[in-house]
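A.B. asks: If you want the building blocks of each chain, they are given just below.
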Amino acid sequence: AQSVTQLDSHVSVSEGTPVLLRCNYSSSYSPSLFWYVQHPNKGLQLLLKYTSAATLVKGINGFEAEFKKSETSFHLTKPSAHMSDAAEYFCVVSLLPGGATNKLIFGTGTLLAVQP
Amino acid sequence: EAGVTQFPSHSVIEKGQTVTLRCDPISGHDNLYWYRRVMGKEIKFLLHFVKESKQDESGMPNNRFLAERTGGTYSTLKVQPAELEDSGVYFCASSPTRTPNTGELFFGEGSRLTVL
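For the record, the sequence lines run as chains A and B.
First residue of the first sequence? That's 162 in this note's numbering, and the numbers climb one at a time after it.
First residue of the second sequence? That's 23 in this note's numbering, and the numbers climb one at a time after it.
Please keep in mind that the hints were generated in silico from the structure rather than gathered at the bench.
Be aware that a few hints might be false.
[Said to hold, decoys possible] What follows is a list of derived Cβ distance ranges for each label pair:
| no. | chain 1 | residue 1 | chain 2 | residue 2 | range |
| --- | --- | --- | --- | --- | --- |
| 1 | A | 170 | B | 38 | 29 to 39 Å |
| 2 | A | 233 | B | 106 | 21 to 31 Å |
| 3 | A | 164 | B | 79 | 14 to 24 Å |
Note that CB positions come from ideal geometry on N, CA and C, so glycine has one too.
Extracted from the complex, chain A is given alone in its bound form (with noise of 0.2 Å):
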């Protein structure tokens, strides 16, 4: 079955230092992997997603994430942080091959605080 796992509900950091946001995944089979993000009364969006291609995803905003699968892991980084990176994020794994569904397993979300 596919499951991911935040590792941190909370994470804090100050402006302009780096962001690491903690994924693992539990899959029988490659998965496709996302990462979404909420900000205050806003929908869910897009940051990135991991398909079968290049491990190192580039995002928007200046995310990336690495698919590691010695490691089964999927974090999500960032060099600089910014105050507008306040959100909170969520892994997801998508429960078909391929990503030929769209019904999305997710994680519990990561809430990020960015102190000025």
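Position chain B against the provided structure of chain A, taking the given hints into account.
C.D. replies: Showing chain B alone in chain A's frame:
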């Protein structure tokens, strides 16, 4: 292009009452999904429409929930009678049918339901 819109943004009702949530997907998107986030838990899949047909309703919690998508445009999700455990945020998402499937869903801002 208008995004996915949901109404109401927040609804407060008494246990036993009925509530109807509405979702207008992005124009031209055949796929429409309902997801739900109960307080403190992960976002979970409820059901998937392709046009007006229910493709997958395996996530619907019980028969108090009824989803419709007459004419394949907007969708409604009715909860009747509402129970305390139905409180949460109900997200609607849509996606086009295209090849290859990018796996991206376009989410609305959610409808927050509070059952007292």
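A.B. asks: Indicate, hint by hint, whether the structure satisfies it.
C.D. replies: Cross-check of the supplied hints:
1. Checked against the given bound of 29 to 39 Å, the beta carbons of residue 170/A and residue 38/B, roughly 33 Å apart, stay inside it.
2. Checked against the hint of 21 to 31 Å, the pair residue 233/A and residue 106/B fails, with Cβ atoms roughly 37 Å apart.
3. Judged by the Cβ atoms, the range 14 to 24 Å given for residue 164/A and residue 79/B holds: they are separated by roughly 21 Å.
Checked against the numbered hints above, the structure breaks only hint 2 and satisfies the rest.
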